[in-house]
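Letter by letter, the chains look like this.
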Amino acid sequence: MAVVTRGFTGRGRREVDLPPGQYLTDDFPVLSAGPTPRISLDEWRFEVADGDGTRQAWSWPELLALPSEEITTDIHCVTKWSKRGTHWRGVSLDTLLSGVDSDVGYVMAHSYGGYTTNLPMADVRDGKAWVAYEYEGEPLAPEHGGPARLLVPHLYFWKSAKWVRGLRLMATDEPGFWESAGYHMYGDPWREQRYWGD
Amino acid sequence: MTGVPEWVDGNDIAGATRELFAVDLTVARGRCATCGREAMVAEAHVYDRAPGIVARCASCESVLLRLVRAPDRAWLDLRGLSYLEVPIPAPVAPAAMPVVA
Ligand SMILES: [Zn+2]
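Each protein sequence line maps, in turn, to chains U and Y. Under this note's numbering, the final residue of the first sequence carries the number 198; numbering is consecutive throughout. Under this note's numbering, the final residue of the second sequence carries the number 299; numbering is consecutive throughout.
In short, the hints are calculated from the structure, not lab data. All C-beta atoms in this analysis are idealised placements derived from N, C-alpha and C, irrespective of residue type, glycine included. Don't take each hint at face value.
What the hints assert, rightly or not - The calculated lysine to any residue pairs, modelled on SDA-like cross-linking and capped at a C-alpha distance of 25 Å, are:
hint: 1; chain 1: U; residue 1: K80; chain 2: Y; residue 2: D275
hint: 2; chain 1: U; residue 1: K80; chain 2: Y; residue 2: E204
hint: 3; chain 1: U; residue 1: K80; chain 2: Y; residue 2: V206
hint: 4; chain 1: U; residue 1: K83; chain 2: Y; residue 2: I251
hint: 5; chain 1: U; residue 1: K80; chain 2: U; residue 2: L18
hint: 6; chain 1: U; residue 1: K83; chain 2: U; residue 2: P29
hint: 7; chain 1: U; residue 1: K80; chain 2: U; residue 2: Y23
Said to hold, decoys possible - Derived DEER-like restraints, expressed as beta-carbon distance ranges:
hint: 8; chain 1: Y; residue 1: R227; chain 2: U; residue 2: R55; range: 21 to 31 Å
hint: 9; chain 1: Y; residue 1: R227; chain 2: U; residue 2: P139; range: 39 to 49 Å
hint: 10; chain 1: Y; residue 1: R277; chain 2: U; residue 2: R38; range: 19 to 29 Å
hint: 11; chain 1: U; residue 1: Y23; chain 2: Y; residue 2: D246; range: 51 to 61 Å
hint: 12; chain 1: U; residue 1: E174; chain 2: Y; residue 2: A291; range: 34 to 44 Å
hint: 13; chain 1: Y; residue 1: Y281; chain 2: U; residue 2: H87; range: 14 to 24 Å
hint: 14; chain 1: Y; residue 1: V290; chain 2: U; residue 2: T79; range: 42 to 52 Å
Said to hold, decoys possible - Example chain Y residues on the side facing chain U (calculated, C-beta under 7 Å, incomplete):
hint: 15; residue: E204
hint: 16; residue: F219
hint: 17; residue: Y245
hint: 18; residue: R247
hint: 19; residue: A248
hint: 20; residue: P249
hint: 21; residue: I251
hint: 22; residue: V252
hint: 23; residue: R264
hint: 24; residue: A268
hint: 25; residue: D275
Working from the sequences, and respecting the hints, build out all of it.
As structure tokens, this is what we get:
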């Protein structure tokens, strides 16, 4: 039986250390810009591609065979909720991008269902980003992005693309789904980069 | 799964778009730029539990409209609609002019 020792107890919530404008929630609100894709694990693939086509691809069993990490992190949604101490398991993007040149500046994450979001390569390397497939010890539920989602917790959570299917390498930054409709190209919660010009 | 429907119908965007336009967009007709379906905006599938409002074609689920609202600005992306036909009341004939039947 797991025993969790808490460093503090009960009396209200510690809201120091929260990014500006955020409030704490115990829920995990489901946000989605479209229908939840149902992806068969037999057909699931994660691909790293550039302009010339696919460089590398992993099937579901191949992903699970890679070294995985446990991640405990706070998450911050641009709709202003933050959630403390969420637990995930996934494969570091350092592993999945190990064959990629260091001169590639940006990636576009692509999802089943058509969602996209752009990220600087520097923000998905050095232990800052994962392809996560477990949440709180359980397989990641479809409404939270399962079978696998991107996890980039130092940026607003819209960057952690649900139902991720791959990364396209880019020389220059291009806007993804929300970034082309008003949301910030980078999305640092600590600098409150919600919208264009923030 | 929660059993809560993922989307609501297009009437949901009436309030959000009334802020930007003097007309009720939900009674406009539009054509999906992806599959060509023509329908009332009210028939779209609207996903509003998201960082913005996304209206999708009821036929092919392509994005018709996106609306993002910041405290002091709004962004409207209509690239998924190849046109919008908006009903506008015809001018009323002046009362003094006899109407010939
Ligand atoms: Zn359509």
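Against the structure, the hints come out as follows:
Under the criterion of a C-alpha separation no larger than 25 Å, the hint pairing U/K80 with Y/D275 is consistent with the structure, at around 23 Å. Note on U/K80 and Y/E204: the hinted pairing holds, with a Cα-Cα distance of about 21 Å set against a maximum of 25 Å. Pair hint U/K80 plus Y/V206 holds up; C-alpha atoms about 23 Å apart against a cutoff of 25 Å. Between the alpha carbons of U/K83 and Y/I251 the distance comes to roughly 23 Å, so the proposed pair stays at or under 25 Å and holds.
For the proposed pair U/K80 and U/L18, the alpha carbon gap of about 11 Å is at most 25 Å, so the pair holds. With a C-alpha separation of about 10 Å, the suggested pairing of U/K83 with U/P29 holds against the 25 Å cut-off. A threshold of 25 Å between alpha carbons decides the hint, and for U/K80 with U/Y23 the separation of about 6 Å falls inside it, so the pair holds. The hint said 21 to 31 Å for the Cβ distance between Y/R227 and U/R55, and at roughly 45 Å that hint is violated.
Taken as a hint, the range 39 to 49 Å holds for the pair Y/R227 and U/P139, whose Cβ atoms sit roughly 43 Å apart. Between Y/R277 and U/R38 the C-beta distance comes to about 27 Å, which sits within the given range of 19 to 29 Å. With their beta carbons about 20 Å apart, U/Y23 and Y/D246 fall outside the hinted range of 51 to 61 Å. Taken as a hint, the range 34 to 44 Å is violated for the pair U/E174 and Y/A291, whose Cβ atoms sit roughly 54 Å apart.
For Y/Y281 paired with U/H87, a C-beta distance near 49 Å fails the hint of 14 to 24 Å. Taken as a hint, the range 42 to 52 Å holds for the pair Y/V290 and U/T79, whose Cβ atoms sit roughly 45 Å apart. The closest approach between the C-beta of Y/E204 and any C-beta of chain U is roughly 6 Å, which is under the 7 Å cut-off, so the hint is satisfied. Of the supplied interface hints, the one on Y/F219 is violated, with its beta-carbon coming no nearer than about 17 Å to a beta-carbon of chain U, more than 7 Å.
Here the hint on Y/Y245 is kept, as its CB sits about 5 Å from the closest CB of chain U, short of 7 Å. A cut of 7 Å between beta carbons decides the hint on Y/R247: the least distance to chain U is about 6 Å, and the hint holds. For Y/A248, the interface hint holds, since its Cβ comes within 7 Å of a Cβ in chain U; the closest pair sits about 5 Å apart. The interface hint given for Y/P249 is met, as the beta carbon of that residue sits about 5 Å from the closest beta carbon of chain U, less than 7 Å.
Hint status for Y/I251: violated, given a least beta-carbon distance of 9 Å to chain U, over 7 Å. Interface hint status for Y/V252: upheld, as the beta-carbon distance to the closest one in chain U is roughly 5 Å, under 7 Å. Evaluation of the Y/R264 hint against chain U yields a held restraint, the C-beta minimum of about 5 Å falling below 7 Å. Of the supplied interface hints, the one on Y/A268 holds, with its beta-carbon coming within about 5 Å of a beta-carbon of chain U, less than 7 Å.
With a cut of 7 Å, the hint placing Y/D275 at the interface with chain U holds, because the nearest CB-to-CB distance is about 5 Å.
Consistency note: the structure conflicts with the earlier hints numbered 8, 11, 12, 13, 16, 21.
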